[in-house]
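One line per chain: the protein sequences are A and B, in this order.
The opening residue of the first sequence carries number 1 in our numbering; numbering runs sequentially from there.
The opening residue of the second sequence carries number 1 in our numbering; numbering runs sequentially from there.
If you are wondering where the hints come from, they were derived from the structure by calculation, not from laboratory data.
Keep in mind that the hints are not guaranteed to be accurate.
Just so you have them, the derived chain B footprint on chain A, three or more residues with Cβ under 8 angstroms [what the hints assert, rightly or not]: (1) 40-49; (2) 317-330; (3) 348-359; (4) 441-450.
Chain B regions said to be covered by chain A (calculated; three or more residues, Cβ under 8 angstroms) [stated by the list, open to error]: (5) 216-224; (6) 235-247.
Here a beta-carbon is modelled for each residue, glycine too, at the ideal position from N, C-alpha and C.
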Amino acid sequence: MSRMGLQIGAPPPMAPSGRQVPLLETQGLVKRFGALVANDRVDLAVHAGEVHALLGENGAGKSTLVKMLYGLLQPDAGHILWEGYPVVMTEPRYARQLGIGMVFQHFALFEAMTVAENIALGLDGSRRDTHALGTRIREISEHYGLVLDPGRHVYDLSVGERQRIEIVRCLLQAPRLLIMDEPTSVLTPQETERLFATLQQLAHEGCAILYISHKLEEIRALCDCATIMRAGKVVATCDPKSETARGLAHLMIGSEFRTAVRRAPRASSRQIGLEVAGLSLAPDSTYGTGLTEVSFAVAAGEILGIAGVAGNGQGELVAALSGERLAARDDQVWIAGQRAGRLGPTRRRALGLSVVPEERHGHGAVLELSLTDNVFLTGRARLPLVRRGFLQSGAARRFAAQVIASFGVQCAGPDAPAGSLSGGNLQKFIIGREILQQPGALVVAQPTWGLDAAAVATVQQSLIELAQNGCAVVIISQDLDELLALSDRLAVIHGGRLLAAQPTEALSVDAIGVMMGGVVGDKEVVP
Amino acid sequence: MIGWRIERRYEVSRALLYSTPVLAVVLTLTMGIALFCGLGIDAWAALYYCFIAPFETLSSIGEVLIKAAPLSMMAVGLGIGFRANVWNIGAEGQLTLGAVAAGGVALLFWGHEGSFILPLMMLAGIAGGMLWAAIPAFLKARLNVNEILTSLMLTYVAGLLLSTLVYGPWKDPEGMNFPQSRMFSIWETAAPLIAGTRIHIGVPLAFVVALAAALLVERTLIGFAIKVAGLAPNAARYAGFHRDRVVWLAFLLSGGLAGLAGMLEVAGPIGQLVPVITPGYGFTAIIVAFLGRLNPIGIMAAGVLMALSYVGGENAQIAVGLPRAVTGMFQGLLLFFLLATDCLARYRIRWVGRVRHGSGT
């Protein structure tokens, strides 16, 4: 038989009796990358009709495992069994033929095309009759309560709606196993609830769901079974409903779980670290959201949280603060009491402002370059890394090593390409790179997006310490729990307007969720 | 669907990526042999005259080097731009303008003596190339006009400008009405450095340029900015590197070097302004830049290889009667195989037949 394509082997001589044959099972799956064993004899069993959680730290091997299950990577040893039959999938297409669907954390959608066109592009074979497809999309979205208009353009849609496109695209293929990678990291609380209802309905209909998440409470609420991975191995399989969140975290990390310690609110100093006054900005693209009269001030030692659903001007706000886009007047942005509205990124850094953008890949870091080289991106304004135009690689390497050591970044060393790090480790490196420059003001977007519990704790703890040392910190995030835990004051951004910041104690998750949806009091905010 | 499909490789071998230039050279030679055999030409003799004979005498080594010098000099400049995703395709035009500017200086000082004239011609050549490159740079930086189109089209404008001059005001008054300028005096020509060859100052200069470029790219903040601008434009903006400055820098640098190469051609082997200065060095330099992996040191080697195709091609025309097109054919084959091997290192072609559902039983 050819090595290519989908192969289905002979059934095992005897299915273990007394027990239902799992829909999908792996036996001793091994995957190596050079010296690193990413998956070490992984056994996993997912049954039809169950929501199965896959839990683990960054670099624990979850992504590697699901990539093998979806035909994106080939195992070095071990078997994948589908209904008890060994299968070899050399490509995602073959996984889809078996009935495996996957919703990725980052969507692959064309903004300028409609929902139906995007879905048609993702389908195999010749089922590309857009009209018939539109009808099917409506049927499926109604059946599962996934509100979606096939004729709308993607640029019009919220992140939650975009995710629905990916889910509907999978459902069109009538999957028997749906793999979801961190699906709620971009959703509002209301959207998350909606998604859970859909997933439960799917499970009721007999579809198995493999659910990757770091949010322990979510897993306890949703999942029937959890497989926990650590350092490439399966360390436990348990019923998450009978475990506490702390217990799950303990299994996942292997050491005592640390939660970020909320510091006691203290009288913040009167010294303003970062101030924005009446900042307006045109959208940076046809489909972007401009800023309208945004004003806020952050005192030294204070953490201001900015909540909001993605695409409401957060990207533009970060660009306007970092200096990637300049304000109209120099008095619209102030750093450490100095006018900075017309200064570029390097001069703003020299004044003490550091920024961590939301996108790590190709924005906060250049994947093709080493960690040492990535230090030059932002470090040269405040550290002696360039002398007479020449790069001081030794100094940069020492700084990179310091970041790696202080933030527990798992990598091959300062010369490792940034692209070789897992998402969480790269984020730790980027945040560490900014924090170790001892900024007077720090703006950070989505600091813990896609990070595991241990990395989240490291990052959050370091943000708190930074504020305690007198830095003015702005956190722009969609993770409300995080904002509630960290911020002294909280504001909501919607349609490019910032709703005035309020002390965090005065706000509830529900109230903020409603504001994020654009409703203040009883009035709809005009975008 | 049944048929051939091109698919991305999930795991790309680095060793494969670095070996593709060598593989392309080997495939070009193999294809060349096959073609010669098909034409009924003694393939071994042809290859000997193409690739071995040019290294047998000092003077022919000199010929290879004086062709390699402008090629690698220009390719180094272009390569720096290509790294930053700035596509200057008009080096040929910038070379022409460099020659025009240098020639203008030579004609201005015709009849004068002084060792200042040649350096002045060099500066004029660099300035001429930069000026011509500044047009697409301005259009790109200010109006976001596609630089590939503007730089390419300006090449033809430059050629016509040169023709206008040598057919008109700059025509040699004692030149029997031939469309060419006066011959430059000894103060205006780059004299041979080694007796018995035509090796001129351009050869060591090309070497220095490549080394300086390697230093710029690998060790300086400017080189770093260029690299980042090419790899990740968003990260470049985040780091505070201005796209427009990178565009200007890439164009002025590559234009200046092309202008210098043009000056060296007219002040060196040619010795006067003529309607056509090079057999398309400005375009060949694009191949050289990619063959050398955009790395200045690699570009030097690639420049010698390409120069060999010119000198060896001429040799083989004379010795075994190969058609004149053989030089162009070799260059075309080389670029074709380089692009093909590069592509196949990143993608694979697969026959997609019916998927087998057959069980192993």
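To see whether the hints hold, each was checked on the structure:
1. Coverage of the stretch 40-49 of chain A by chain B is violated [criterion: at least 3 residues with CB-CB distance below 8 angstroms; count 0].
2. Counting residues of the stretch 317-330 of chain A whose C-beta sits closer than 8 angstroms to any C-beta of chain B gives 3, which meets the bar of three, so the coverage hint holds.
3. Residues of the stretch 348-359 of chain A with a Cβ under 8 angstroms from some Cβ of chain B number 4, which satisfies the need for three, so the listed coverage holds.
4. As drawn, the stretch 441-450 of chain A meets chain B at 0 residues by the rule of a beta-carbon pair under 8 angstroms; below three, the given contact is violated.
5. For the stretch 216-224 of chain B, the assignment as covered by chain A holds, since 5 residues bring a beta-carbon within under 8 angstroms of that chain's beta-carbons and 3 suffice.
6. Three residues within the 8 angstroms Cβ limit are the bar, and the stretch 235-247 of chain B against chain A gives 6, so the coverage statement holds.
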